[in-house]
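Chains as they are written, first to last, in the numbering used here: chain X, 1 to 232; chain R, 1 to 195.
Note that these hints are calculated values from the structure, not bench results.
Bear in mind that the values here come from a model prediction, so they are computed numbers and not experimental data.
Be careful, since some hints might not be right.
Said to hold, decoys possible - Only some residues are given here: those of chain X computed to face chain R with a beta carbon under 8 Å:
no., residue
1, Arg34
2, Asp96
3, Val114
4, Ser115
5, Glu179
6, Ser180
7, His185
8, Arg225
9, Leu228
10, Ala229
11, Asn232
To be verified - Derived Cβ-Cβ restraints for the label pairs, each shown as a range:
no., chain 1, residue 1, chain 2, residue 2, range
12, R, Asp162, X, Glu94, 36 to 44 Å
13, R, Asp120, X, His185, 39 to 47 Å
14, R, His117, X, Gln192, 24 to 32 Å
Said to hold, decoys possible - Some, not all, of what chain R presents toward chain X, calculated at C-beta under 8 Å:
no., residue
15, Pro114
16, Trp130
17, Arg177
Every residue gets a Cβ at the ideal spot worked out from N, C-alpha and C, and that includes glycine.
Here are the chains, one letter per residue:
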Amino acid sequence: MTRWLLGILGVLGVILASAGIAGRAEIGLADFERVLSAIPVTASARALTALDRALRQEGFPATDVQRLFERLLATSAAAPDKEAVVLTIVAALEDDIPVDGLLNKAFEGLARGVSLGPLYQLLQQRLRILVEVRYLLFGKSIFRVSAGTTTSAGASALPAGRFDALLSQLGDAVGDYLESGGSPHDGQSIYQNTSARLTNLRGSVLVPADVDLVLGRVGPEDLTRVVLAALN
Amino acid sequence: MNTDPLEALLREALRQEVSSLAGSLGGLEERIAEELADRAPRRGWIDGLKQLAAPTRAARLGQVAVVAATAAAFLIVGAIVGKDLPLVGSRPKAESREAMLRATAENELLFVLPALHAEDVSVVGSFNDWEPTPLSDEDGDGIWTARVTVPPGRYEYAFVIDGRWWGQDPLADEYVRSFGEYSSVRYVGGGGDGV
């Protein structure tokens, strides 16, 4: 009986050890350090601090971030231009802004052969929009909270993943509207585009109650203010 | 019976799709063939492609017509097949939108692109970090296809045809302009009560 137990424990140990090795095979700080020094990024200490913090957070797309840095490294652009893009992502991480949309735009821009200058400008605008959208959500008493945190009456506390998904989609919708040539002064159109995006994602990447919450509290005038603040 | 190139290509592509689902779709292939045969003649696909590259106002109207005609063809099929075939038209109505959501319940993006004389076709998008995923045309009929399994979400993409980007897929749910060019967008999944 004891031999059986020892055998089972041994097998479990092997499985756990394998899982540990596999886990370490994922992207780690050393991988970021290697690519940042190769670019090279002069503010690497700042970048690594932000990345180290991000690696400990659930949902951080480490593989995509690493892949973006690798692609930047492979481009023939000047190192300061590459660093500007890197630090845009770093700034988002430092401010707890979800980076999925920024990464997607960066990947697309690189694939389309866009110069890093215009790409940086666009990423900066997207980041400003995300920041302003987050202020808007906070102003509407929609907060990002950790498990177990209590909030005041009337406030809606969403788990970090759900809040980030909302913020990311709202920011992307506003950013896409502007990039598609939409007027920053046409709040009704901004709202319609944003509302359509959230509705289409209702039940897939967004929780229906969260979509209802945002659409119930955010109006066209709010989104106009977001756009104008981001552009100024 | 109309036998213009687009008709033939669509019929063949649909025949292959339906054949792959034949076990659960008794008599469907015949119904689709009848539906396509009954449609009015349309402008040839080659002419449509020529107009896509033309800069005049009339050509732009033609471009819209080509896109609309192709979308209409797939909408007809979508209306017949309903939930069982993941083909939808551009900006679908509510009911066809629902059909699409059911069709994509398995989280699959199906790309279908007629490109008669192309030698290399791929799709780039937010689902593959904008790195090319090749489309295949194994039987050489000019219909290039690819299937990609993805999590539920919103996906931007563009086709790359012999090195040239083309971002206005008639099967897209919507288009966005990105870096001054069009990208297509498709939504996958949705309609549930949670994430």
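Structure-based check of all given hints:
1. Arg34: Hint on arginine 34 (chain X): violated, closest Cβ of chain R at ~20 Å, above 8 Å.
2. Asp96: violated, 20 Å
3. Val114: holds, 5 Å
4. Ser115: violated, 10 Å
5. Glu179: This interface hint holds because 6 Å falls under the 8 Å limit.
6. Ser180: holds, 4 Å
7. His185: violated, 19 Å
8. Arg225: violated, 23 Å
9. Leu228: Cβ of leucine 228 (chain X) sits 21 Å from chain R, so the hint is violated.
10. Ala229: violated, 22 Å
11. Asn232: Check failed: Cβ of asparagine 232 (chain X) comes no nearer than 23 Å to chain R, outside 8 Å.
12. R:Asp162 / X:Glu94: 36 to 44 Å: holds, 43 Å
13. R:Asp120 / X:His185: 39 to 47 Å: Given range 39 to 47 Å: holds, Cβ gap about 44 Å.
14. R:His117 / X:Gln192: 24 to 32 Å: Violated - the Cβ-Cβ distance for histidine 117 (chain R) and glutamine 192 (chain X), about 40 Å, lies outside 24 to 32 Å.
15. Pro114: violated, 24 Å
16. Trp130: holds, 4 Å
17. Arg177: This interface hint holds because 4 Å falls under the 8 Å limit.
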